[in-house]
Amino acid sequence: MAQEFINRHTNLAMAASKTVESFTKGLGIGKDKAATLAAAFEISRRVISQQKWFSNKKITSPSEVAEIFIPLLRDEVKERFIVVCLNTANKIIKYETISIGNLNSSVVHPREVFKVAIDNNSANIILLHNHPSGNAEPSTEDIKVTKKMLEAGKVLDISVLDHLIIAGNSFKSLVEQRII
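Numbering (our numbering), first residue to last: 428 to 607.
No wet-lab data here; the hints were simulated from the structure. It is possible that some hints are incorrect.
[Unchecked claim] Simulated restraints on C-beta separations:
no.: 1; residue 1: 518; residue 2: 457; range: 41 to 51 angstroms
no.: 2; residue 1: 577; residue 2: 463; range: 43 to 53 angstroms
no.: 3; residue 1: 462; residue 2: 566; range: 40 to 50 angstroms
Positions of the beta carbon are idealized from the N, C-alpha and C atoms, including for glycine.
Based on the provided sequences and hints, a complete structural model is requested.
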């Protein structure tokens, strides 16, 4: 079936725009397989779209960061700590999960955060993590970790621009709250 699909659709962009019904009629496959194929094309479209958007996105506010990462973190049941690497123009180079903790904490060390930043030639970074509890208020430990990261960043000449805490569809920025 795969070879027949490739032979019939030398232009994958055209094939990606087909409906489930056209896959069932054109390839003679069942509705379930056709739906799976259509879903795979849709996922690919979304991934490519996100990658293009990320690579050209200049971060100018905490709400822009939240807009990107709330969909990724809002339904997580464990704390997930992410570092967002930025270039000198504050465009996203990469983001990476540094730690996945338990229900209410995650252990993060500056060496892990800044290794990612250094490996990606980051000028600046933004820290973010989620609170599965649904409460976006920073804990004492969140503030302590952030201050530790700020100090490490100063030594390495990599600025920590903000630390966002995401809880459901809401977020708190430690910069906006004047904590950092």
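These are the hints, each one checked on the structure:
1. 518 to 457: 41 to 51 angstroms: holds, 44 angstroms
2. 577 to 463: 43 to 53 angstroms: Taking Cβ atoms as reference, residue 577 and residue 463 lie about 47 angstroms apart, which means the hint holds.
3. 462 to 566: 40 to 50 angstroms: holds, 44 angstroms
Every hint from the earlier list agrees with this structure, and none is contradicted.
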